[in-house]
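Chains as they are written, first to last, in the working numbering: chain V, 1 to 352; chain Z, 1 to 290.
What the hints contain is simulated information worked out from the structure, not anything from laboratory work. A virtual CB, placed ideally from N, CA and C, is assigned to each residue, including glycine. Possibly wrong hints are sitting among the right ones.
Unchecked claim - Computed Cβ-Cβ distance ranges for the label pairs, DEER-style: (1) V:E107 / Z:W200: 23 to 29 Å; (2) Z:V273 / V:R52: 47 to 53 Å; (3) V:L59 / Z:R183: 37 to 43 Å; (4) V:P86 / Z:E99: 21 to 27 Å; (5) V:K151 / Z:P101: 35 to 41 Å; (6) V:S81 / Z:P100: 34 to 40 Å; (7) Z:P100 / V:V307: 40 to 46 Å; (8) V:S160 / Z:L145: 57 to 63 Å; (9) V:S160 / Z:I106: 52 to 58 Å; (10) V:P74 / Z:E99: 50 to 56 Å; (11) Z:W200 / V:R52: 17 to 23 Å; (12) V:P86 / Z:R104: 22 to 28 Å.
Claimed, not checked - Residues on chain Z that point at chain V, a partial pick, calculated with CB under 7 Å: (13) L188; (14) D194; (15) P198; (16) P209.
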Amino acid sequence: MIRIEGLTKSFGHDRAVDAVDLSIAAGEFFALLGGSGSGKTTLLRMIAGFERPDGGRILIDGEDMAQAPPHRRPVNMMFQSYALFPHMSVAKNVEFGLRQEGLRGDELRRRTDEALDLVAMREFAARKPHQLSGGQKQRVALARAIVKRPKVLLLDEPLSALDRKLRETTQIHLLDVQKRTGVTFVVVTHDQDEAMAMASRVAVMNAGRVEQVDTPRALYAHPANRFVAGFIGATNLLQARAGGQGLLAEGVRTLLRPSASIDSAEPCWVSIRPENVAIAAPALASADANAEHGVVEAMSYYGDHTVYYVRAEGGAMLRAARFNAAEAGPVFKVDAPVTLSWPATAITVLRS
Amino acid sequence: MSGGKNALPSAILPYAWLLVFFLAPLLVSLAISLTHAVDGSPPYSNPFDWPSLNLENYRSILSDDLYADALVNSIRVAATTALLCLLIGYPMAYAMALEPPGRRQILLMAIILPFFTSSLIRTYAMINLLKETGLINQALSALGLVDPAHPPSILYSDWAVQIGMVYNYLPFMILPLYANLARLDWTLAEAARDLGAPPWRAFATIVLPLSWPGIVSGVLLVFIPACGEYVVPTLLGGQNYPMIGTQLSTEFFQNRDWPLASAVAILLLAILVAPLLLLQWIARRSEAAA
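Looking at chain V on its own, in the form it has when it is part of the complex (with noise of 0.2 Å):
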């Protein structure tokens, strides 16, 4: 559907996008994710035809665009800033796309109240965008970019105007709205958060290379190196080199013993998340291996969970999660000698 095939764009002496190659299949819900300058929205623009790429091509159904004008190419975009026009109607704008393909009369009234409808907006058609709330200005700007019914909607930075209650319903409402269409969305997005909950494939973008493209679940149960074990949520990373019948990490004493078989000798990093180390008052005789000794050093409360900071015995800084449920075991203060335990499972070994 959509294919990036060695996409590279430089501005000046920063390579904003360094040949990117990416698939996209139809309908699927997409996301870019990375923080600011990892190249996710020059990568957007690129798609949509504002910037040209130096080098690379964007196959779109088979046909290469990467040159092509905007307003050639079968991609609408939804701003960040939604882009209403603000001289218009809201029913002027949502019909504007349709206007460009020479629509009128019948059938462009017809196609702009199913837009409306299809975002509960259809009673406020005659109002000013500057009479709408933020999320009514947020579906009228979704109305109007996916009534031309493009092969791609690129939604950029789709909830970041939004506060975070209505980031839920508009979450779950783009959701909708993808499943009934039936178009491709690809979103950009800087929020792991939103990332996770919506997409069904993530592309985890970092100066301006794909680090990797993977569902959520893959993403944060097997990160492919160490940039996105430490992008997507929270996680203890530390570095190790084999030893013994296990790898010994800097910071901790005690031995990490995976479930997987270690191959090499050459240094590595482990990841182990903090929901996967357990933490109990100390226990008398020390396990051989993956349970380390620490003082907990601060602690923040979440509500459902608890985040403890345990400084190990080795010195290192490991982080124990844990759910407030009802059972849910002793509280610690901070200042209390504690041990921390995981499963061989959670041990994720990671090269580079």
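Model the placement of chain Z on the given structure of chain V, informed by the hints.
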């Protein structure tokens, strides 16, 4: 800031200004225009002598082709000036608005810089460009475009006046246009492109309507003072170039007919007020939309 007690005195200021420096002189002019010229000082009959006041000056203006021609010509020249300034100024303001902020300031300075020299001197200097042996004709004959033995006389023609007017008034068009376009949200034009509009249609349907307030201000700022322009037609138009500003000056200073001159001024004002109100109404409408 919008507290009722503090708002009143500051709101009175512009009204007081208008009363003292606009309305009062206007009423004086209006009164004088109803009197008749006399030898003496002041050179008009007593405006408080009610029975002697009449519309004779207006009648003679309207019946004399000299004034009608000057009035029509002034409006024609001013309208052409406003149109040419718009056609030249819009692309310039547009280009400036698209520049990065640092370079915008330099370009803005370049637009304002000529104001540091008096318009009288700048216009006077144009004579050297426009005269028969001037720089423009020298350049044209060097290029072989005109016959050096019979150069066209640009100076003291409609052309010279029009060139001088556009040169003098261009900044008044560019500044309000630039102020408007610099504030424009250019992602709106991108959105139009994205929805299938070719560049010219994105401009015509989005950028142009949103720059209406700037266009209206620019046109008003050029057209209104251009109608009463005195310096340019006097210096570049030659003797008795028919414009209302030069006509006024002749009546005041040569003929010492203050009542007639006042009537000319009042009539010009009346004729200008109608399009002015219309344009402001359009501006307010499009501003309400934006």
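Evaluated hints:
About 25 Å separates the C-beta atoms of V:E107 and Z:W200, a value consistent with the hinted range of 23 to 29 Å. For the pair Z:V273 and V:R52, the supplied restraint of 47 to 53 Å holds, since their beta-carbon distance comes to about 52 Å. Our hint of 37 to 43 Å for V:L59 and Z:R183 holds, since their Cβ atoms are close to 39 Å apart. The hinted window of 21 to 27 Å between V:P86 and Z:E99 holds, with their beta carbons roughly 24 Å apart.
Evaluation of the 35 to 41 Å hint for V:K151 and Z:P101 yields a pass: the beta carbon distance comes to about 37 Å. Separation of V:S81 from Z:P100 is about 20 Å and departs from the stated range, judged on CB atoms against 34 to 40 Å. Taken as a hint, the range 40 to 46 Å holds for the pair Z:P100 and V:V307, whose Cβ atoms sit roughly 44 Å apart. In this structure the supplied range 57 to 63 Å holds for V:S160 paired with Z:L145, their Cβ-Cβ distance being about 60 Å.
Checked against the hint of 52 to 58 Å, the pair V:S160 and Z:I106 fails, with Cβ atoms roughly 35 Å apart. Look at V:P74 against Z:E99: about 33 Å separates their beta carbons, and that is not inside 50 to 56 Å. Hint check: Z:W200 to V:R52, Cβ distance near 20 Å, so the stated range 17 to 23 Å holds. Evaluation of the 22 to 28 Å hint for V:P86 and Z:R104 yields a pass: the beta carbon distance comes to about 23 Å.
Satisfaction of the interface hint for Z:L188 is found here, the shortest Cβ-Cβ separation to chain V being roughly 5 Å, below the 7 Å cut-off. Look at Z:D194: its Cβ gets to within about 5 Å of chain V, closer than 7 Å, so that hint holds up. Taking 7 Å as the C-beta cut-off, the interface hint given for Z:P198 holds, the closest approach to chain V being about 6 Å. This hint holds: Z:P209 has a C-beta 5 Å from the nearest C-beta of chain V, less than the 7 Å allowed.
When held up to the earlier numbered hints, the structure conflicts with 6, 9 and 10 and fits the remainder.
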